[in-house]
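As they're listed, the protein sequences go chains A and B. Counted the way this note's numbering counts, the first sequence spans residues 459 to 570. Counted the way this note's numbering counts, the second sequence spans residues 208 to 319.
Heads up, some of the hints might be wrong.
[To be verified] Keeping only pairs whose Cα atoms sit at most 35 Å apart, straight-line, the calculated DSBU-like set for lysine-lysine is:
(1) Lys272/B <-> Lys503/A
(2) Lys272/B <-> Lys557/A
(3) Lys264/B <-> Lys218/B
(4) Lys567/A <-> Lys529/A
(5) Lys567/A <-> Lys503/A
(6) Lys264/B <-> Lys527/A
(7) Lys557/A <-> Lys218/B
(8) Lys557/A <-> Lys527/A
(9) Lys515/A <-> Lys264/B
(10) Lys529/A <-> Lys557/A
(11) Lys515/A <-> Lys503/A
(12) Lys503/A <-> Lys218/B
(13) Lys529/A <-> Lys503/A
(14) Lys225/B <-> Lys495/A
(15) Lys264/B <-> Lys495/A
(16) Lys218/B <-> Lys495/A
(17) Lys264/B <-> Lys526/A
(18) Lys526/A <-> Lys515/A
(19) Lys527/A <-> Lys503/A
(20) Lys526/A <-> Lys503/A
(21) Lys526/A <-> Lys567/A
(22) Lys557/A <-> Lys264/B
(23) Lys515/A <-> Lys557/A
(24) Lys515/A <-> Lys529/A
(25) Lys218/B <-> Lys567/A
(26) Lys527/A <-> Lys567/A
(27) Lys264/B <-> Lys225/B
(28) Lys495/A <-> Lys557/A
(29) Lys527/A <-> Lys495/A
(30) Lys495/A <-> Lys272/B
(31) Lys264/B <-> Lys503/A
(32) Lys264/B <-> Lys529/A
(33) Lys557/A <-> Lys503/A
(34) Lys225/B <-> Lys557/A
(35) Lys567/A <-> Lys515/A
(36) Lys495/A <-> Lys526/A
(37) Lys225/B <-> Lys503/A
(38) Lys225/B <-> Lys272/B
Calculated directly from the structure, the hints in this document are not laboratory data.
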Amino acid sequence: GEQVEQLPSILRVQEGSSASINCTYENSASNYFPWYKQEPGENPKLIIDIRSNMERKQTQGLIVLLDKKAKRFSLHITDTQPGDSAMYFCAASETGNYKYVFGAGTRLKVIA
Amino acid sequence: EAAVTQSPRSKVAVTGGKVTLSCHQTNNHDYMYWYRQDTGHGLRLIHYSYVADSTEKGDIPDGYKASRPSQENFSLILELASLSQTAVYFCASSDWGGNTLYFGAGTRLSVL
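The whole structure should be built from the sequences, with the hints applied where relevant.
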């Protein structure tokens with residue numbers, strides 16, 4: 459079935475450095491790619507998203523890149539802080555289709 | 208911000224018992240979803256609904272039923288709870304299929 463592969467599953471970085479998470483998807487009709495951050499014991503919250511009419515989007519220290527040809531998208535967190543430590547999920551969906559496919563998640567640990 | 212409220216927040220159930228998880232949204236969203244989260248599996252879709260009085264099967268519907276009596280309310284029902292259904296359950300809503308999901312706080316279910 460349709461899958462979204464997310465790597466790495468665990469990521470440890472030094473405070474102040476950047477962190478990158480990569481996702482690949484299978485469904486070429488996917489046109490919406492959100493990223494969710496989940497802190498321990500909390501619900502997933504949308505932090506940034508990108509639609510297929512864009513290749514790059516940036517907001518508040520977060521950068522998302524989308525390569526439709528390669529069916530790949532990525533999240534880059536610049537100048538990481540301890541508060542960035544959390545689980546991050548990527549997802550792919552198609553407008554008008556209920557089906558959201560989530561990656562398995564990346565546990566990010568920012569080391570002070 | 209969108210509001211999705213789940214109850215209970217945690218539940219301990221006995222094997223073979225009936226469990227009902229409730230979800231209420233005040234976003235005026237048409238789509239509602241039930242996801243299950245297990246370590247290493249990310250979020251998996253159990254059931255979803257795009258209109259009151261109608262529910263649809265997601266990717267892992269076996270052992271679960273759903274009910275959508277109104278636009279605001281969506282319940283997940285485990286008629287005969289089993290050990291394998293121990294997990295965290297998230298309800299979510301979106302204004303249309305494939306668009307941003309807003310998650311509730313989650314219900315931690317332990318089946319003993």
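Against the structure, the hints come out as follows:
For the proposed pair Lys272/B and Lys503/A, the alpha carbon gap of about 26 Å is at most 35 Å, so the pair holds. Distance hint between Lys272/B and Lys557/A is fulfilled; the C-alpha atoms sit about 18 Å from each other, no more than 35 Å. A distance of roughly 24 Å separates the Cα atoms of Lys264/B and Lys218/B; the hinted pair therefore holds under the 35 Å criterion. For the hint pairing Lys567/A with Lys529/A, the CA-to-CA distance comes to about 27 Å; that is within 35 Å, so the pair holds.
With a C-alpha separation of about 18 Å, the suggested pairing of Lys567/A with Lys503/A holds against the 35 Å cut-off. Distance check on the hinted pair: Lys264/B and Lys527/A sit about 31 Å apart at the alpha-carbon level, within 35 Å; holds. Of the pairs offered as hints, the one joining Lys557/A and Lys218/B holds, with about 28 Å between alpha carbons and a cut-off of 35 Å not exceeded. Only pairs whose Cα atoms come within 35 Å are accepted, and Lys557/A paired with Lys527/A is accepted, the gap being roughly 21 Å.
Between Lys515/A and Lys264/B, the direct Cα distance comes to roughly 34 Å. Compliance with the 35 Å bound is thereby established for this hinted pair. Annotation: proposed proximity of Lys529/A to Lys557/A holds, straight-line Cα distance about 17 Å (limit 35 Å). As the CA atoms of Lys515/A and Lys503/A are separated by approximately 18 Å, the hinted pair is consistent with the 35 Å bound. Proposed proximity of Lys503/A and Lys218/B is supported: the alpha carbons are some 23 Å apart, at most 35 Å.
Taken as a hint, the Lys529/A and Lys503/A pair is honoured in the structure, with Cα atoms around 24 Å apart against an allowance of 35 Å. Proposed proximity of Lys225/B and Lys495/A is supported: the alpha carbons are some 32 Å apart, at most 35 Å. Among the hinted pairs, Lys264/B with Lys495/A is consistent with the structure: their alpha-carbon atoms are about 26 Å apart, no more than 35 Å. Note on Lys218/B and Lys495/A: the hinted pairing holds, with a Cα-Cα distance of about 24 Å set against a maximum of 35 Å.
The straight-line distance between the Cα atoms of Lys264/B and Lys526/A is roughly 29 Å, inside the 35 Å bound, and the hint therefore holds. As the CA atoms of Lys526/A and Lys515/A are separated by approximately 14 Å, the hinted pair is consistent with the 35 Å bound. Proposed proximity of Lys527/A and Lys503/A is supported: the alpha carbons are some 28 Å apart, at most 35 Å. For the hint linking Lys526/A to Lys503/A, the alpha-carbon distance of about 24 Å falls within 35 Å, and the restraint holds.
Pair hint Lys526/A plus Lys567/A holds up; C-alpha atoms about 29 Å apart against a cutoff of 35 Å. A threshold of 35 Å between alpha carbons decides the hint, and for Lys557/A with Lys264/B the separation of about 11 Å falls inside it, so the pair holds. Taken as a hint, the Lys515/A and Lys557/A pair is honoured in the structure, with Cα atoms around 23 Å apart against an allowance of 35 Å. A hinted pair counts as satisfied when its Cα atoms are at most 35 Å apart, and Lys515/A with Lys529/A qualifies at roughly 16 Å.
Distance restraint check for Lys218/B and Lys567/A: the Cα-Cα separation of roughly 30 Å lies within the 35 Å cut-off, and the hinted pair is therefore satisfied. A hinted pair counts as satisfied when its Cα atoms are at most 35 Å apart, and Lys527/A with Lys567/A qualifies at roughly 31 Å. Annotation: proposed proximity of Lys264/B to Lys225/B holds, straight-line Cα distance about 20 Å (limit 35 Å). Simply put, Lys495/A and Lys557/A have alpha-carbon atoms about 20 Å apart, close enough for the 35 Å limit, and the pair holds.
Among the hinted pairs, Lys527/A with Lys495/A is consistent with the structure: their alpha-carbon atoms are about 26 Å apart, no more than 35 Å. For the hint linking Lys495/A to Lys272/B, the alpha-carbon distance of about 28 Å falls within 35 Å, and the restraint holds. Pair hint Lys264/B plus Lys503/A holds up; C-alpha atoms about 24 Å apart against a cutoff of 35 Å. Taking the CA atoms of Lys264/B and Lys529/A, the gap is about 27 Å. The hint holds against a cut of 35 Å.
The straight-line distance between the Cα atoms of Lys557/A and Lys503/A is roughly 18 Å, inside the 35 Å bound, and the hint therefore holds. A threshold of 35 Å between alpha carbons decides the hint, and for Lys225/B with Lys557/A the separation of about 28 Å falls inside it, so the pair holds. Using a Cα cut-off of 35 Å, the hinted pair Lys567/A and Lys515/A holds, with the two alpha carbons roughly 24 Å apart. Of the supplied pair hints, the one linking Lys495/A and Lys526/A holds, its CA atoms being roughly 23 Å apart against a limit of 35 Å.
Simply put, Lys225/B and Lys503/A have alpha-carbon atoms about 30 Å apart, close enough for the 35 Å limit, and the pair holds. Among the hinted pairs, Lys225/B with Lys272/B is consistent with the structure: their alpha-carbon atoms are about 11 Å apart, no more than 35 Å.
Of the numbered hints stated above, none is contradicted by the structure.
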